[in-house]
Amino acid sequence: MNARSELSIATVLIGFSMLNYFYLIPTQVVAEGSSPVYPALINTMLLCFALAYLAEGVRCWRKEKLAQGEGGSCSTGGGKLMVRPLAMLVVTGAWVLSMEYLGFIISTFVFLMIASRIFGSKSWSKTLILSVAMPLIISFVFRGLNALLPEGPAEELINLILG
Amino acid sequence: MGEIFGNLWDGAVFALSLWNILAILIGYAIGIIAGAIPGVMAVTAMVLILPYTFTLEPLFAIAMLMGIYKGGAYAGSITATLFNIPGTPEAAATALDSYPMFKQGMQKRSLEIALWASVFGGTVSNFLLVFTAPPLAEVALRLGPSEIAALILFSLTAVITLLGDSRMDIWKGFISITLGLMLATVGLDNMSASRRYVFGIEDLDNGVPFVLTIIALLALSEVFIQAEKVGGFTLGEAASAVSKIIPYTWKQRWLDLKICLKDLIRSSLIGSLLGALPGIGATTAAFVCYGEARRSAKKNARFGDGDPRGIAAPEAGNNAVAASSLIPLVTLGIPGSVAAAVMYGAFMIQGMIPGPMLMMEHPEIIYGLFVLLIVTDFLGAFVIALPFISVVQKIFKNLNYSLFFPGVVVCCVVGVYAEEFNVFNLRIFLALGFVGYIMRKMGMSIPPFILAFILGPILERNTRTALLLSNGSPMIFLQSPITLGLLILAAVALGWSLWRKTRGGKSVLEVPEEFKH
Chain A
1 MNARSELSIA TVLIGFSMLN YFYLIPTQVV AEGSSPVYPA LINTMLLCFA LAYLAEGVRC
61 WRKEKLAQGE GGSCSTGGGK LMVRPLAMLV VTGAWVLSME YLGFIISTFV FLMIASRIFG
121 SKSWSKTLIL SVAMPLIISF VFRGLNALLP EGPAEELINL ILG
Chain B
1001 MGEIFGNLWD GAVFALSLWN ILAILIGYAI GIIAGAIPGV MAVTAMVLIL PYTFTLEPLF
1061 AIAMLMGIYK GGAYAGSITA TLFNIPGTPE AAATALDSYP MFKQGMQKRS LEIALWASVF
1121 GGTVSNFLLV FTAPPLAEVA LRLGPSEIAA LILFSLTAVI TLLGDSRMDI WKGFISITLG
1181 LMLATVGLDN MSASRRYVFG IEDLDNGVPF VLTIIALLAL SEVFIQAEKV GGFTLGEAAS
1241 AVSKIIPYTW KQRWLDLKIC LKDLIRSSLI GSLLGALPGI GATTAAFVCY GEARRSAKKN
1301 ARFGDGDPRG IAAPEAGNNA VAASSLIPLV TLGIPGSVAA AVMYGAFMIQ GMIPGPMLMM
1361 EHPEIIYGLF VLLIVTDFLG AFVIALPFIS VVQKIFKNLN YSLFFPGVVV CCVVGVYAEE
1421 FNVFNLRIFL ALGFVGYIMR KMGMSIPPFI LAFILGPILE RNTRTALLLS NGSPMIFLQS
1481 PITLGLLILA AVALGWSLWR KTRGGKSVLE VPEEFKH
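Heads up: the sequence lines are chains A and B, in that order.
If you read the first sequence in my numbering, its first letter stands for residue 1, the second for the next number, and so on.
If you read the second sequence in my numbering, its first letter stands for residue 1001, the second for the next number, and so on.
Hints are supplied without guarantee of correctness; some may be wrong.
As the list claims (entries may be wrong) - In silico DSS-like links for lysine-lysine, alpha-carbon gap of 30 Å or less: (1) A:Lys122 <-> B:Lys1394; (2) B:Lys1298 <-> B:Lys1394; (3) B:Lys1258 <-> B:Lys1394; (4) B:Lys1229 <-> B:Lys1258; (5) B:Lys1229 <-> B:Lys1298; (6) A:Lys126 <-> B:Lys1229; (7) B:Lys1394 <-> A:Lys126; (8) B:Lys1103 <-> B:Lys1251; (9) B:Lys1262 <-> B:Lys1394; (10) A:Lys122 <-> B:Lys1229.
Unchecked claim - Cβ-Cβ distance ranges computed for the label pairs, FRET-style: (11) B:Lys1262 <-> A:Leu145: 48 to 56 Å; (12) B:Ser1390 <-> A:Lys63: 16 to 24 Å; (13) B:Trp1254 <-> A:Gly144: 34 to 42 Å; (14) B:Ser1473 <-> A:Ala87: 50 to 58 Å; (15) A:Gly15 <-> B:Arg1461: 25 to 33 Å; (16) A:Leu66 <-> B:Phe1378: 26 to 34 Å; (17) B:Leu1498 <-> A:Gly15: 22 to 30 Å; (18) B:Phe1054 <-> A:Leu66: 34 to 42 Å; (19) B:Val1492 <-> A:Leu86: 42 to 50 Å; (20) A:Asn159 <-> B:Phe1054: 54 to 62 Å.
No lab work stands behind these hints: they were computed from the structure.
Backbone N, C-alpha and C define an ideal beta-carbon position, used for all residues, glycine too.
Taking the hints into account, I'd like the entire structure generated from these sequences.
Right, dumping it as C-alpha cells:
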C-alpha cells in the first residue's frame, strides 16, 4: 500500500470515529438507556490512534516524495483488492442468502460448482463429485444428529423417499 | 510442591481415559494434516472443529483441540523438510537446515531430529506450565477489578509493541485492538442490560457470537487471501530429485543428541518464556532460537547446510510455545495467543470460564488438561507423527486446492450455522470474513483484534466495577501499586517501542517478512 492509501484509511477511520461520537453513541447507546462512558472512551482511543496513524501516513508520504524514483516506502500492507476474492465474497453471499429458499443441498451444490471454478478447478468430473457428495454427506450427518439444515426441494424429495 | 503432585495424580485419574487418549490421537492426526498444508494452519483446523465441540465431553473436546495444536506445531516441519515449503510460518526456520539435510539424502535423520526436538521442547514447556500455573493462579485470585483491567491493557499493549516492525504497524495494531474492543460492545450492556449498537435487530442482543467471529476472521479471510494465489503452490523439483536415502543409525542418533542437547535445553527454555508472554507466538520463538543456536555455535558449524542444531533449536523453541502460551489463560483467564483464544472458546462452550477460579474450583479439570498435554507430546510423536509422515507426503502432493478451499468455506458455514441454527449469523459471518480480508490487505493484524474482542467484555466489566467502587474517580487506577506498575509498564513498552522504531533499531524478535501472518 502506498502512503496515499494509508492517508485515506486514516481519514475514513477518523470519519467513523466522528460518526460514532455524534450519531451512533447518541442514537444506539444513550437512546437505549445505556451508559455512553465506555463506548466513548474506546471511541476516543480510536480517534487518537487514527490521528497518530494519519500523522505517520503524512510522514510516510513526505518520505515517499523525497525518495521518489528510489523506491523508498514506509507503508505496510498487501495492496489492491483482487477480483477473485471479491467474486468469492459475492458467490458466498449469494449462497448464504439463497440457502433459506433453495435449501442446503441445492444451494451448496451450486456454490461448490462456482467456487471451485473461481479457485481454478479444471476438472469438471472432480468438481461435480465434490459438489454432489459434500452437501449430501453433511446433510445426512445432520439428519443423523437430529439437527436440521435449511430445507428446500431436494430435502423434501429426500424426506419423501426416506419417509 | 506436594499439593501440585497430588493434584497431578488426581488429574491423571480423572483425565486418562481411553476416550480422552483417542481424542488426543484424532486431534494430533488432524493437526498434522492441517499443519502440513500451506495456508491452513493448526489454528485454522482448531477453529473449524470448535463449533462441533458443543456436544462433546469437556476434556474430550479440549484434548482434541490441544492435540490439533501440538500436531500442527510439528507438522510444518514435514513439508519444510520434504519440499522446502513450510506448512506453518514457524517451520520456516526449520527449513533453513532440514531441507539441505534432506537434499543430502538424510530425510529420516532430518524428520526424526525435528520430531524429537518437538517432543523435548513441548515437554519442558508442559512442566513449566504445571509448576508455574498454581502459584500464579493464587496471586491472580487476589487481584481486584482495577488490577485486572490494567493487566488486560498491559497484555494488549504488549501484543502490539513486541510485534510491530514499524511505527505504522504499531498504530495499525492499536487500531485493530480498538476495533476489536468496539465490536465487543455490540449487544446488551453487561452491567445495565440495555441495548448497544444493535440497530433494532434482536438477533444482535446477545452480541456478535465469539465462535463465528474467530472462524470468519481467521478461516474465511484466509480463503479470500488464498483466492488471490490460485495456482501459486508448486512443489518444486527437489522432492523427487533425491535418489539416495542414507539410513539413520542408532550411533548417529546418539551423536546428534550429544551435539544438540545444549541447544535443545536452551531453545526449550527460550520458547517457554517467550510463549508465556502475550502475543509473541511460535514463529518469533523459532527464529530467536535458531539465531541463538547459530550465535553460540563454533566456527565449523554447518548452519544453512544441514546442521542438526539448525533443526533441533527452532523445533524445540516453537513447540515449547504451545503449552506455555496457556499460562496466562489458565492462571489469569487472559488468552495470550490466537490458539489460546480458541481454547478459551472451547472452555466457554463447555460452560467453564478459564482463570484462577476454575483452577481452584475444578482442579481435576485443569490438572487433567496438564496431564493430557504431557501425554500428547509422547503419544502424538510415537503413535501418529512417525507413521503419518508418508501419509502427509501423499496428501500434500495430491491435494487439489481448487476443490479444497471451497470445501473449507462449506465447513465454516455449516459450523457457524450449527452453533445457533440461525441464518442471520451467516450474514454476520460473511461480513466479518470480508472485514478480516480488508484488514489484512490494509496490513492490520487480526490476532490483536481477536484478543481484544475476547478481552473486551472482561476489560469493560472490571473498568466499570473499579469506577463504581471509587464513586467514579479514575484515581483508583493509580492507588494500587500493581495497577500503577502495569499501567507504567504498558506506557513504557509503547514508548520504548516507538523510540526504537524512530532510531531504526532492529529487534531481536525480528522475523523475515515472508513468514509473517
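**Q.** Holds or violated: lysine 1103 (chain B) to lysine 1251 (chain B), with C-alpha atoms at most 30 Å apart
**A.** 21 Å, holds
**Q.** tryptophan 1254 (chain B) paired with glycine 144 (chain A), Cβ distance criterion 34 to 42 Å
**A.** Cβ of tryptophan 1254 (chain B) to Cβ of glycine 144 (chain A): about 52 Å, so the range 34 to 42 Å is violated.
Q. CB of lysine 1262 (chain B) to CB of leucine 145 (chain A), is that within 48 to 56 Å?
A. Holds - the Cβ-Cβ distance for lysine 1262 (chain B) and leucine 145 (chain A), about 52 Å, lies within 48 to 56 Å.
**Q.** Consistency of beta-carbon spacing, alanine 87 (chain A) to serine 1473 (chain B), with hint 50 to 58 Å
**A.** 55 Å, holds
Q: Take the C-alpha atoms of lysine 122 (chain A) and lysine 1229 (chain B), compute the straight-line distance between them, and say whether it is at most 30 Å.
A: 16 Å, holds
Q: Look at the Cβ atoms of valine 1492 (chain B) and leucine 86 (chain A) and judge whether their distance stays inside 42 to 50 Å.
A: Between valine 1492 (chain B) and leucine 86 (chain A), where Cβ atoms are some 43 Å apart, the hint holds.
Q: Check the following: the C-beta atoms of phenylalanine 1054 (chain B) and leucine 66 (chain A) are separated by a distance inside 34 to 42 Å.
A: About 57 Å separates the Cβ atoms of phenylalanine 1054 (chain B) and leucine 66 (chain A), which means 34 to 42 Å is violated.
(Q) Tell me if the straight-line CA distance from lysine 1394 (chain B) to lysine 126 (chain A) falls inside 30 Å. (A) This hinted pair holds, its Cα atoms lying about 18 Å apart.
Q: Compare the distance between the alpha carbons of lysine 1298 (chain B) and lysine 1394 (chain B) with 30 Å, and conclude whether the hinted pair is satisfied.
A: 38 Å, violated
Q. Can the suggested window of 16 to 24 Å be confirmed for the beta-carbon pair serine 1390 (chain B) and lysine 63 (chain A)?
A. Once the Cβ atoms are compared, 52 Å apart, the range 16 to 24 Å for lysine 63 (chain A) and serine 1390 (chain B) is violated.
Q | Distance restraint hint 26 to 34 Å, applied to the beta-carbon atoms of leucine 66 (chain A) and phenylalanine 1378 (chain B) | A | Given range 26 to 34 Å: violated, Cβ gap about 58 Å.
Q) Given the hinted pair lysine 1229 (chain B) and lysine 1258 (chain B), is their alpha-carbon gap at most 30 Å? A) 43 Å, violated
Hint compliance for this structure: hints 2, 3, 4, 5, 9, 12, 13, 16, 18, 20 are broken, all remaining hints hold.
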